[in-house]
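J.: Now for the letters of each chain:
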Amino acid sequence: MTASTGMLEVSVWRGSAGDGQFQAFRVPVQENQTILDVVSWIQQNADPTLSYRFACRVGMCGSCAMMVNGLPRWTCRTHVQKVLNGNRLTVAPLRNLAVIKDLATDMDPFFDKWVEAEGRHHPTATRHDPMPPITADAPGRAEADAAIECINCAVCYAGCDTVAGNPDYLGPAALQRAWTLINDAKEADKGAILTAVAQSGGCFNCHSQGSCTAHCPNELDPMRSVAGLKRATVLAALKGGS
Amino acid sequence: MRGHRGHPLWLAYGLHRLSGLALALFLPAHFWVLSMALSSPERLDGFLHWAEAPLVKFAEFGLVFLLAVHAFGGLRLLALELLPWTPGQKTLAAGAVAGAVLVCGVFLLNAV
Ligand code: FES
Chain A
10 MTASTGMLEV
20 SVWRGSAGDG
30 QFQAFRVPVQ
40 ENQTILDVVS
50 WIQQNADPTL
60 SYRFACRVGM
70 CGSCAMMVNG
80 LPRWTCRTHV
90 QKVLNGNRLT
100 VAPLRNLAVI
110 KDLATDMDPF
120 FDKWVEAEGR
130 HHPTATRHDP
140 MPPITADAPG
150 RAEADAAIEC
160 INCAVCYAGC
170 DTVAGNPDYL
180 GPAALQRAWT
190 LINDAKEADK
200 GAILTAVAQS
210 GGCFNCHSQG
220 SCTAHCPNEL
230 DPMRSVAGLK
240 RATVLAALKG
250 GS
Chain B
2 MRGHRGHPLW
12 LAYGLHRLSG
22 LALALFLPAH
32 FWVLSMALSS
42 PERLDGFLHW
52 AEAPLVKFAE
62 FGLVFLLAVH
72 AFGGLRLLAL
82 ELLPWTPGQK
92 TLAAGAVAGA
102 VLVCGVFLLN
112 AV
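For the record, the sequence lines run as chains A and B.
For the first sequence, my numbering gives the first residue as 10, with consecutive numbering after it.
For the second sequence, my numbering gives the first residue as 2, with consecutive numbering after it.
Any given hint could turn out to be false.
Derived list of chain A stretches under chain B, where covered just means 3 residues or more per stretch with a C-beta under 8 Å from a C-beta of chain B [what the hints assert, rightly or not]: (1) 72-84; (2) 212-219; (3) 224-233; (4) 237-244.
Ranges of calculated distance between the beta carbons of each label pair, as one might list FRET restraints [said to hold, decoys possible]: (5) B:80 / A:140: 35 to 41 Å; (6) A:151 / B:39: 55 to 61 Å; (7) B:9 / A:148: 25 to 31 Å; (8) B:97 / A:94: 36 to 42 Å; (9) B:68 / A:145: 43 to 49 Å; (10) A:60 / B:89: 40 to 46 Å; (11) B:30 / A:145: 57 to 63 Å; (12) B:6 / A:91: 17 to 23 Å; (13) A:200 / B:39: 52 to 58 Å.
The hints are simulated quantities; they were obtained by calculation from the structure and are not laboratory data.
Backbone N, C-alpha and C define an ideal beta-carbon position, used for all residues, glycine too.
So here's chain A without its partners, still in its complex pose (with noise of 0.2 Å):
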């Protein structure tokens, strides 16, 4: 089969995740595919009532991962060519979430836990005082800077599987982001963030097999974040801090 001649066979997850089973369906193969335009090609022409998530199609907005070859991938930059199995795809909704319909889960405990991992601004001043400078090359800048290109898109929530054996476990992303909140000069409330993530299911959960850093599309690495988290609250403990 040359790259744009031929059909795709390609078995796609339909119903709920206690009542559904795959569906398989043929997809004209097109030069330069990515798996989110295999999924519109059926979704098109098809079977319209397939149900998925994309919005931006430019791997910025995290809607459109999903269990891709058994590996949890960003859809809409993921190229057919490069995963696939012979000529076979698979496509299933993230794996660590209840499923909705079809492709689409419920996003709600993966976006809860950011929450609960106190992953929010507590701020140092108010819109009327001065911004106070902050460099680049500041080292707690520099930390954040490399937790910070995240897209909530939860690829490394499903790749975990710390997160599949305990519910509880506020995963990867949360846990990244308190993170870079934790090396924020502007953040007033790091001992909030400490207490938070310190609790069980946070980070010392973390049994460090990296699946978040090998699956993350951005190519960040929540597992150095969250090594950072467990250092600063042991720090913190021993200074006799939260």
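Given chain A, work out where chain B with the ligand should sit, using these hints.
T.: Just chain B with the ligand now, kept in the frame of chain A:
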């Protein structure tokens, strides 16, 4: 094995966990045999004689392997989680440790 686990960090985790479990299973037997030194020395002698058998010798190699893997896995975790190093530095450090283990392993094999 599920596809999302097929990367070095997960394999290192898996090896660490399995070697730990195997060592945990071995330890009670180990202590039981050692306790014979106090309770029945003649049985211990018989056992030590049996331990000269080639198959048991080979099993000992497995034990040393498990211990080595578990010890270095633990050091790896400590370095990974406690030292705020960059990934590049960690690769260099891992390479240095691997080289050192290789050199002293060869030395040890020559000595025995
Ligand atoms: S559709 Fe926005 S990241 Fe894929």
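J.: All the hints need checking, so say for each whether the structure fits it.
T.: Hint check:
1. Here's how the segment 72-84 of chain A fares: 4 of its residues keep a CB closer than 8 Å to some CB of chain B, so the rule of at least three is met and the hint holds.
2. Requiring three or more residues with a Cβ within less than 8 Å of a Cβ of chain B, the coverage given for the segment 212-219 of chain A holds, as 4 such residues are present.
3. As drawn, the segment 224-233 of chain A meets chain B at 4 residues by the rule of a beta-carbon pair under 8 Å; at three or more, the given contact holds.
4. Figure legend: the segment 237-244 of chain A, annotated as covered by chain B; annotation consistent (3 residues with Cβ-Cβ distances under 8 Å, at least 3 required).
5. Here the CB-CB span from residue 80 of chain B to residue 140 of chain A is close to 38 Å, well matched to the stated 35 to 41 Å.
6. Hint check: residue 151 of chain A to residue 39 of chain B, Cβ distance near 59 Å, so the stated range 55 to 61 Å holds.
7. For residue 9 of chain B and residue 148 of chain A, the hinted distance range of 25 to 31 Å is satisfied, since their beta carbons lie about 28 Å from each other.
8. Between residue 97 of chain B and residue 94 of chain A the beta carbon distance is about 38 Å. The supplied range of 36 to 42 Å therefore holds.
9. Between residue 68 of chain B and residue 145 of chain A the beta carbons are some 47 Å apart, a value that agrees with the proposed interval 43 to 49 Å.
10. Remark: the range hint 40 to 46 Å for residue 60 of chain A to residue 89 of chain B is upheld by a beta-carbon distance near 43 Å.
11. Look at residue 30 of chain B against residue 145 of chain A: about 59 Å separates their beta carbons, and that is inside 57 to 63 Å.
12. Distance hint check: the CB atoms of residue 6 of chain B and residue 91 of chain A are about 20 Å apart, consistent with the given range 17 to 23 Å.
13. In this structure, residue 200 of chain A and residue 39 of chain B meet the distance hint of 52 to 58 Å, their C-beta atoms being roughly 53 Å apart.
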